[in-house]
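There are 2 protein chains.
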Amino acid sequence: MQRIGWVARLKPEKADEYIRLHADVWPGVLDMIKQCNIQNYSIFVKTLPSGEKLLFSYLEYTGDDFEADMRKMAAHEETQRWWEVCHPCLEPVEELPDGQVWAPMDSIFYLA
Amino acid sequence: MQRIGWVARLKPEKADEYIRLHADVWPGVLDMIKQCNIQNYSIFVKTLPSGEKLLFSYLEYTGDDFEADMRKMAAHEETQRWWEVCHPCLEPVEELPDGQVWAPMDSIFYLA
Chain A
189 MQRIGWVARL
199 KPEKADEYIR
209 LHADVWPGVL
219 DMIKQCNIQN
229 YSIFVKTLPS
239 GEKLLFSYLE
249 YTGDDFEADM
259 RKMAAHEETQ
269 RWWEVCHPCL
279 EPVEELPDGQ
289 VWAPMDSIFY
299 LA
Chain B
189 MQRIGWVARL
199 KPEKADEYIR
209 LHADVWPGVL
219 DMIKQCNIQN
229 YSIFVKTLPS
239 GEKLLFSYLE
249 YTGDDFEADM
259 RKMAAHEETQ
269 RWWEVCHPCL
279 EPVEELPDGQ
289 VWAPMDSIFY
299 LA
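If you read the protein sequences in the order shown, they are chains A and B. Okay, so the first sequence: first residue is 189 according to the numbering used here, each after it adds one. Okay, so the second sequence: first residue is 189 according to the numbering used here, each after it adds one.
Same shape as in the complex, but just chain A:
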């Protein structure tokens, strides 16, 4: 099992929209996430005193080829439409390949 942390910035003017979308994610998108061997997936938001908003994702990957599962997800038409709605709400914290918006973090501690 791989534990994955991702970080992104949430555009303040799009925060309400993003949060509303994630309160009711499209069922086909949720189903594809499960099919790609992802479980126990949380997203957290924090508004800093500056007004900047940070997003953090935590998820667990139970498959054996994460890159292949990510390609499978990216090829899913409904997920593509979902990302077209969600990604304009986000700003990557660093330069990322291929229109990705979530930057991977490094795990430095784990306690079962």
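Because the hints were derived from the structure by calculation, they are not lab data. One or more hints might be untrue.
Any copy, or any two copies together, can satisfy a pair, since identical chains are not distinguished.
Claimed, not checked - Here are the computed lysine to any residue pairs in the SDA-like style, where the Cα-Cα straight-line distance is at most 25 Å: (1) K199 <-> C274; (2) K199 <-> A256; (3) K199 <-> K222; (4) K260 <-> W214; (5) K199 <-> W214; (6) K202 <-> K260; (7) K202 <-> E279; (8) K260 <-> E240; (9) K234 <-> E266; (10) K202 <-> D294; (11) K260 <-> L299; (12) K202 <-> T250; (13) K234 <-> F254; (14) K260 <-> F297; (15) K222 <-> F254; (16) K222 <-> D257; (17) K222 <-> E201; (18) K222 <-> I192.
Got chain A; can you put chain B on it based on the hints?
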């Protein structure tokens, strides 16, 4: 079960020390964390292009009084010594009570 996300800044000049400490956390500290009903606890780090370093914690709380368990942890002498070593490596992202360094985030999405 409560899923908790926390965020903090890691002082760049203290990053190596903090990461080294967390590669080998004192056993008494780990034991107290478990006694306080915390499980599946990860810490992630990200260095931004600016050089700023963000820390994110994910943990699961299985007890029924988180505040009481946090007070129990704060009263544990070895944990206090551990915090004396670790907390100077961190900078809170917002003003927090009582020398706390980890700011709570809001959960906006969960998929089992």
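Hint check results:
In this homomeric assembly, K199 and C274 come within 25 Å of each other (Cα to Cα) only inside a single copy, at 11 Å, whereas the closest approach across copies is 32 Å. When the C-alpha separation of K199 and A256 is checked against a cutoff of 25 Å, the pair qualifies neither within a copy, at 30 Å, nor between copies, at 36 Å. Taking the shortest alpha-carbon separations for K199 and K222, neither the intra-copy value of 27 Å nor the inter-copy value of 37 Å comes in at or below 25 Å. Taking the shortest alpha-carbon separations for K260 and W214, only the intra-copy value of 17 Å comes in at or below 25 Å, while the best inter-copy value is 41 Å.
For the identical chains of this complex, K199 and W214 are intra-copy neighbours only, at 21 Å inside a copy versus 39 Å across copies, given an alpha-carbon limit of 25 Å. Within a single copy, K202 and K260 get their C-alpha atoms no closer than 28 Å, and across copies no closer than 40 Å, so neither meets the 25 Å cut-off. Only within a single protomer do K202 and E279 lie at most 25 Å apart by alpha-carbon distance; the minimum there is 11 Å, versus 27 Å between protomers. Proximity of K260 and E240 under a CA criterion of 25 Å is satisfied in neither setting, with 33 Å inside one chain copy and 33 Å between copies.
Proximity of K234 and E266 under a CA criterion of 25 Å is satisfied in neither setting, with 28 Å inside one chain copy and 30 Å between copies. Taking the shortest Cα distances, K202 and D294 sit within 25 Å of each other only across copies (16 Å), while inside one copy they are farther apart (27 Å). Taking CA atoms no more than 25 Å apart as the test, K260 paired with L299 passes between copies only; the shortest distance there is 19 Å, against 31 Å inside one copy. Within a single copy, K202 and T250 get their C-alpha atoms no closer than 32 Å, and across copies no closer than 33 Å, so neither meets the 25 Å cut-off.
Proximity of K234 and F254 under a CA criterion of 25 Å is satisfied inter-copy only: 20 Å between copies versus 28 Å inside one chain copy. When the C-alpha separation of K260 and F297 is checked against a cutoff of 25 Å, the pair qualifies only between copies, where the shortest distance is 22 Å, while the shortest distance within a copy is 30 Å. Only within a single protomer do K222 and F254 lie at most 25 Å apart by alpha-carbon distance; the minimum there is 13 Å, versus 30 Å between protomers. For the homomeric pair K222 and D257, the shortest alpha-carbon distance inside one copy (10 Å) is at most 25 Å, but the shortest distance between copies (33 Å) is not.
For the identical chains of this complex, K222 and E201 are neighbours neither inside a copy (30 Å) nor across copies (40 Å), given an alpha-carbon limit of 25 Å. In this assembly of identical chains, the alpha carbons of K222 and I192 lie at most 25 Å apart whether taken from the same copy (15 Å) or from different copies (22 Å).
Of the numbered hints stated above, those contradicted by the structure are hints 2, 3, 6, 8, 9, 12, 17, listed in ascending order.
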